[in-house]
Amino acid sequence: MSTLTAAPALTPAAYVPPSAQFRRRMIWLGSCALLMVLGGVYLKFKPWMLFTDFHHLVRLGGEMLPPNLAMLWHKPALFKTIGETVAMSFLGTLLGGAVAFVLAFFASRNTAPHRLLRAFTRLGFGLERATPNFVVLLVLFIAFGYGPFAAMLALALGSVGLFGKLFADAIEQADPGPCESVASVGATRLQVIRYAIIPQILPSVVANSFYAFDVNLRAAIALGVYGGGGIGFELQLAMKVLRYPDVLALILFIIVLITGMERVSDFVRRRLIQSSESLK
Amino acid sequence: MLVPLVIVSAWLCQVRFSGLWHDLGKGLEVIRFFFPPDWSSLREMAGPALVTVLLAALATPLGVLLSLGFGLAGARNIAPPWLRTTARALIGVERALPEIIVLLLLVAALGVGPFPGVIALAIGSVGMLGKLFADAIEEIDPKVLESVSCVGATRWQVIRHAVLPEVMPAFLANSIFRFEVNIRASVLLGAVGAGGIGFELSKAMSLLEYERAMMAVLVTLLLVFGAERVSDWLRAKVMDGGRLA
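Residue numbers (our numbering), protein chains in the order written: chain A, 1 to 280; chain B, 1001 to 1245.
Just so you know, these hints were derived from the structure itself, not from any lab.
Here the structure is a predicted model, which is why all the values come from computation and not from measurement.
Everything hinted at is true.
Derived DSBU-like pairs (lysine-lysine); straight-line CA-CA distance at most 30 Å:
hint : chain 1 : residue 1 : chain 2 : residue 2
1    : A       : Lys75     : A       : Lys240
2    : B       : Lys1237   : B       : Lys1143
3    : A       : Lys46     : B       : Lys1203
4    : A       : Lys165    : B       : Lys1237
5    : A       : Lys46     : B       : Lys1131
6    : B       : Lys1203   : A       : Lys44
7    : B       : Lys1203   : A       : Lys240
8    : B       : Lys1131   : A       : Lys165
9    : A       : Lys240    : A       : Lys44
10   : A       : Lys240    : A       : Lys46
11   : B       : Lys1237   : B       : Lys1131
12   : B       : Lys1203   : B       : Lys1026
13   : B       : Lys1143   : B       : Lys1131
14   : A       : Lys80     : A       : Lys240
Next comes chain B alone, as it looks inside the complex:
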């Protein structure tokens, strides 16, 4: 059953074997252009790298707040059925929409710059975090909610004193993980107009300055690795003690 599928998709992808070895040789040749990296441009890369990190750093809390709203609205034990259905549908639609499309739309409306980038990343977080938060809230033991509401707590007091403490560790861990994802995404979005290291990279590529592009790639690798380490460390801390400070 797999074979016809492979053949059809190979045809659709315009896979060709005739020039493959020649093209592979060409590819290896191209990689040689990238070395040695242009170390002198390292200083110019610091600013764009900071922009990339800041885009993610500003977008993550905004996205977390937005997702918290959607998460509460999408939880069966908090929200009325009509609200839950709407919120879940919106979360589903957002999850199906790659960030880059949201960014392209925002850039078309607002022009290039950090603002559309941050908003696109924040909206992009809702699909993943909103669903995770809503699921975490729905998994809360109903006894906890009942015991708070039976001493006379209003809906908001239930959320403040029962829901939030219950989901806090999972909530923080997922948010920190999303920061790591946002760093990757902000490099990607940079290339289509949000600025930062991604923009620097695509600029260097289109100017055929491959050694400079290699430097941008190295800085990107450093950023992504660094974000992974920091997020692993923070998450281990959160899961360990349930709080950050």
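Bound-form chain A, shown alone:
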């Protein structure tokens, strides 16, 4: 048996009450389970649909096979579409990162010109992070029209919130020693930032940029579905006209694209780290 406690086995008649901790845990688990069941009833969530409606899933799978991979050479515009998606996330990351880089100095305790300005910028970052990307996109569509340009701007705005917080945290964690020593020889606030803080945060800025690019590439595909252009839009079109072999082919392209870009950004990052180390 798996139980290693031998004491209850010696006196089988004696009833050992469950420990207080065990009871607390069971009450906690039980109430969670009850809440989940009530929630499921409210949603009219039917778990048995997985079995009763499984044949629909099988049929859909059957309709998608074999994937229409031939569309890659029958439709050369597809390459441009894939390029659009990558370009959206690249420019969005770059633009958002640049804006966030500047704003981050207003949002960190050690570089902000005023306390109120810091609170204000931090609040802005928080609000921006909480707003779903596609809400921003819907507003931008009205201003700039459908297409990759609006989606790129939505990604850039979305990156500002994420980057801003990460950069500001990096700045706040910067070692104050170099800042003080630069300031003590008469450097202005801008010179302190340039010569003491930026060299310290640069590695984290670069690492976070690559991370944000990966996040934005996925987001670019999702925004495409809402009308932002790129391969996501293509996928949604194929879905609407029920061309399921095309859908499966596009999904495969997306998987290849994302894993491929992950490899590329990994490679570039490693090269960047190597070259910066050889400079030292």
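With chain A's structure known, arrange chain B on it following the hints.
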């Protein structure tokens, strides 16, 4: 090297500067439509907001269980090599697939409703949680596993008495974080057919009821902020004591 890349991608994104100021003005004009938010619709937003939270709340435990299976199957010290390779490959494929695509496929097969939404979110958790769990399990000190198995424990007993206690804090913390992510994702999925506040928002936008849409945005912000606070608090508690209750 960066400059040509920027130029090419700007061309691909159809960036244009000629009408930019005009469009920006238009954008600011549009934002004015959203104010003041339609406070009277707050009551109608409560139901959809609850649906969004429930979608995430039902999907998270399902996704965690699914990921636990994948995590165990993808750990070198638990699973045989063929199983590990398969599980890791599936996790990788899932991570490359945005949730919205999974949902679109499920909606195409099963129709709109909460069921495809919950399943899409649960499957969506596997890419992230499965990898994190598998990595956490692989990092367990081999001495712990050996000492349990050398007193005669079967594979399942090793998992129950050595693996699970070791990874529990990281496991709980990551699951709670995933709940926060799922709240955001469930707003997004709502807009394409899972229901909830996301659906309410996209409906109001397409009916040009901007003040109502603003209300939906405010409710969304409240949900996301609330989820962030709750998840931060729970995670701090888990990391502090290693258990919830």
